[in-house]
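Novice: Each chain, letter by letter, is given below.
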Amino acid sequence: MKKTLLIGVTALALALASPFSQAHRVWLKPSTTSVSGDSEWITFDVAVANGIFHPDHFAYPAERLSVVSPSGEPVDIQNQQKLRYRSVFDVELTESGTYKVFNASQSLVAFWKDEDGERHFWPGRGKTGTVEEFYEAVPQDANELNVMQTANRLETYVTLGAPTADNNTLTGQGLELKALTHPNDAYTGEPIDFQFFMSGDEAQGTKVIVVKDGEKYRDTTSDVEVIADEQGKISLQFDEPGMYWLEAEYEDDKAKAPAKKRRASYVLVFEVLPL
Amino acid sequence: MSKATPYFLSCDGKAHRPKKLLNRLLQLTLSLVFIGTTISVQADELEITLPTLDVAEYHAPYVAAWLADERGKRVVDIAVWYDTDMANNEGEKWLKDLRMWWRRSGRSASMPIDGVSGATRRPGKSVIALDEHFSNVPAGDYFVWVEAARELGGRETLKVPLSLPVTQSVKTRAEGQHELSSITLHMEPAK
Numbered sequence: 001m002k003k004t005l006l007i008g009v010t011a012l013a014l015a016l017a018s019p020f021s022q023a024h025r026v027w028l029k030p031s032t033t034s035v036s037g038d039s040e041w042i043t044f045d046v047a048v049a050n051g052i053f054h055p056d057h058f059a060y061p062a063e064r065l066s067v068v069s070p071s072g073e074p075v076d077i078q079n080q081q082k083l084r085y086r087s088v089f090d091v092e093l094t095e096s097g098t099y100k101v102f103n104a105s106q107s108l109v110a111f112w113k114d115e116d117g118e119r120h121f122w123p124g125r126g127k128t129g130t131v132e133e134f135y136e137a138v139p140q141d142a143n144e145l146n147v148m149q150t151a152n153r154l155e156t157y158v159t160l161g162a163p164t165a166d167n168n169t170l171t172g173q174g175l176e177l178k179a180l181t182h183p184n185d186a187y188t189g190e191p192i193d194f195q196f197f198m199s200g201d202e203a204q205g206t207k208v209i210v211v212k213d214g215e216k217y218r219d220t221t222s223d224v225e226v227i228a229d230e231q232g233k234i235s236l237q238f239d240e241p242g243m244y245w246l247e248a249e250y251e252d253d254k255a256k257a258p259a260k261k262r263r264a265s266y267v268l269v270f271e272v273l274p275l
Numbered sequence: 276m277s278k279a280t281p282y283f284l285s286c287d288g289k290a291h292r293p294k295k296l297l298n299r300l301l302q303l304t305l306s307l308v309f310i311g312t313t314i315s316v317q318a319d320e321l322e323i324t325l326p327t328l329d330v331a332e333y334h335a336p337y338v339a340a341w342l343a344d345e346r347g348k349r350v351v352d353i354a355v356w357y358d359t360d361m362a363n364n365e366g367e368k369w370l371k372d373l374r375m376w377w378r379r380s381g382r383s384a385s386m387p388i389d390g391v392s393g394a395t396r397r398p399g400k401s402v403i404a405l406d407e408h409f410s411n412v413p414a415g416d417y418f419v420w421v422e423a424a425r426e427l428g429g430r431e432t433l434k435v436p437l438s439l440p441v442t443q444s445v446k447t448r449a450e451g452q453h454e455l456s457s458i459t460l461h462m463e464p465a466k
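So the protein sequences, as listed, match chains A and B.
Under our numbering, think of the first position of the first sequence as 1, with each following residue one higher.
Under our numbering, think of the first position of the second sequence as 276, with each following residue one higher.
Certain hints may be false.
What the hints assert, rightly or not - Distance windows between CB atoms, simulated:
no.	chain 1	residue 1	chain 2	residue 2	range
1	B	D344	A	Q80	42 to 50 Å
2	A	E95	B	L427	24 to 32 Å
3	B	G399	A	Q80	44 to 52 Å
4	A	G51	B	E426	29 to 37 Å
If you are wondering where the hints come from, they were derived from the structure by calculation, not from laboratory data.
Source: prediction; values computed, not measured.
We treat Cβ as the ideally placed atom computed from N, Cα and C, and that holds for glycine.
This is chain B alone, in the form it adopts within the complex (with noise of 0.2 Å):
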């Protein structure tokens, strides 16, 4: 929700105050927005919350999101957020301080890797369409791992268990310190 309005006010791409049929296209955008929202609630999904943070240099924290059968074996990548927008990949250069990703995923891959590499978020809630991403898994015990390293920051890792394949609704939430404030995994059963 937040980050709709930003979005739609920068689209317009000046900052003159919109006008008034604007401004009402813009309530009906916001509120299918929201309907949008309220929807993909009921689907499969991760979410991620980062924490703002008072301090004197923020950079938006790299981010990394799998899932890992229980001995930590890496099973499905979901998501890396890392800065995608410099030059030459030098973005790629701190990939290494998602250290249990990087061991577990990332050293192997070629980056950046499709449908999983994104550009980093700011802070408060992302979500994550779960679509198709476990269908392959084989039945199991698992966990979903979120990992987030911040450039003059810390690192913070969250799992949370999951078992597939989904036989009721999921809602698991953990709690985090520093780096990230939680992780909340939604999954209904397969229909």
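Chain A with its partners taken away, still in its complex shape (with noise of 0.2 Å):
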């Protein structure tokens, strides 16, 4: 039991650290993204698990998580639990226009093996760890000494009534998505546009995998692979309405001591509606 735990936590950990251990998948998934009437509830699903939207490894905390009305106003979730697999919570939407839900986290991470060959990494187990705490935590003579600056985000969009743009800004910090196609006005068959940007400069080559709800259910995979361009534009359209889970990811040296790299991950549930 304690040991289930304990990599549970590292799982957890690594997959909020490293975006690019491609086991695990991080996904905060609302049950529906564009409601109506006076006010109206939706609930979320927030899990770290291999499966798209498959909830098999890892409930994420959900206390991590930030919601924003669209006059800006921080809103509370409600209803938290936190299951074996996944935390659920719902958010009551009572103010006409978009919510964002995310979390943003950035940290200096290190990785390096000890005398022994054994592995290790700091600041571990989700934590965040700043310059002055790597100097005094992480040896500076360890073999394969890896320092990094990471950023990751988790976001998902959600509408009463019409789709409003004020809570989608730039922050300046980590890899972040201008959603030049609004996520909750996506639909089959139109251009889906999106730029990204890394620390507030386009971030041209950033990775972006698109994977489409019921995943299980497939036997080759459908998902969509795609480069972001000069200016850090991608453009996608889908045949098919579903529940999409976009991840992407962004590295490069321009990293300041004592890291040596940056890598960047935002992730993006959103829902394409048929007409």
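With the hints as a guide, bring both chains together as one complex.
Specialist: Here you go:
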């Protein structure tokens, strides 16, 4: 039991800290994305899993998420429950427009091997590390010391009434998506345009993978893989309506010392509606 | 016609058999209604026929009708029928199921829409008078769209073309498959 838990926590730490751990994928999935009426509730699942959207590994802690209303006010998540393989919670939409649910984290991370060849990871267990802590905690002369600046962002958008864009603003930190097509205005047969920014700059070469729901029922993968152009832009189009998981990854050498590289990931769940 | 009968009977408020005089009055009224309908056929109108469905749990469909340009942009809302009787406007919860209309119009509208919102209709023919609906619409080619979405049921859209201004009598019809029986658009040239 204890061992399983420990593995789970480590997996979460890795999934949160390292976007390049391919095995596990984090997703924040609303039950629906566009609703009508004076007010409405939307229920969410959040998990670190192998499957899209099949919770089979680890419940993402929902308390790490923030919700912003269309006018920019913080909104509480409600009825939160951590289940075995997923966390669930509700958001009540009372303002007309688009709500953003997200987590953004940044850290300095380090990997190295000790004299016995054993691998180490710092700061570990989903914690974030600062430069000062790094010099205290990590042996500077360690073998295969690899130091990176990482940034991870997990987002989804939901709308009551007409979509609004006021809370799709760039913070200039980590890998971010500017929605040229509003995520709650994505329809089959129409181009869906997104633009990626790394620390505020157009993120050329961002690698993007998009997976549609129902993955477990497909014999062959239908994943879409694209690379952002020189302006960090991608254009997607889908024939099939459904819930889609998008993961973007960016890496370059423009890191601040002591890091040598910066790596960032961005995950979005969005719904493509039929007309 | 078929709608008129129960309406007059229910006005009576009692289940007893109407008296002879009342009966004649009823017949007279009905024939007046009939004349009224005959005349109104000459006017501009959109006729929407909803199918009678043999299903265990039937809910009257939500229906929207609107005029859109050739690119699909909504120009004029004609009607939206939904559950207007629920407390706290809860009937608006399912307006989004009119997917096309919701995107083209509903999501940006403040409900109810004056002269457009109305209660759901039972199966059969409903007629919407198009009085001055298109009077401010620029000349051009358009479509009249009708969308129906039913709880525990399906969704269907139909459209018929319309060139404005109307220069000769128009009577166009589109047949549906499951949620809409048919729609018919009658338009006469402006006087």
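Novice: Hints first: check each against the structure and report whether it holds.
Specialist: Here is what the structure says about each hint:
1. For B/D344 and A/Q80, the Cβ-Cβ distance of about 46 Å falls inside the hinted range of 42 to 50 Å, so the restraint holds.
2. Hint check: A/E95 to B/L427, Cβ distance near 30 Å, so the stated range 24 to 32 Å holds.
3. Distance hint check: the CB atoms of B/G399 and A/Q80 are about 49 Å apart, consistent with the given range 44 to 52 Å.
4. The hint said 29 to 37 Å for the Cβ distance between A/G51 and B/E426, and at roughly 31 Å that hint holds.
In the structure shown, no violation is registered for any of the earlier numbered hints.
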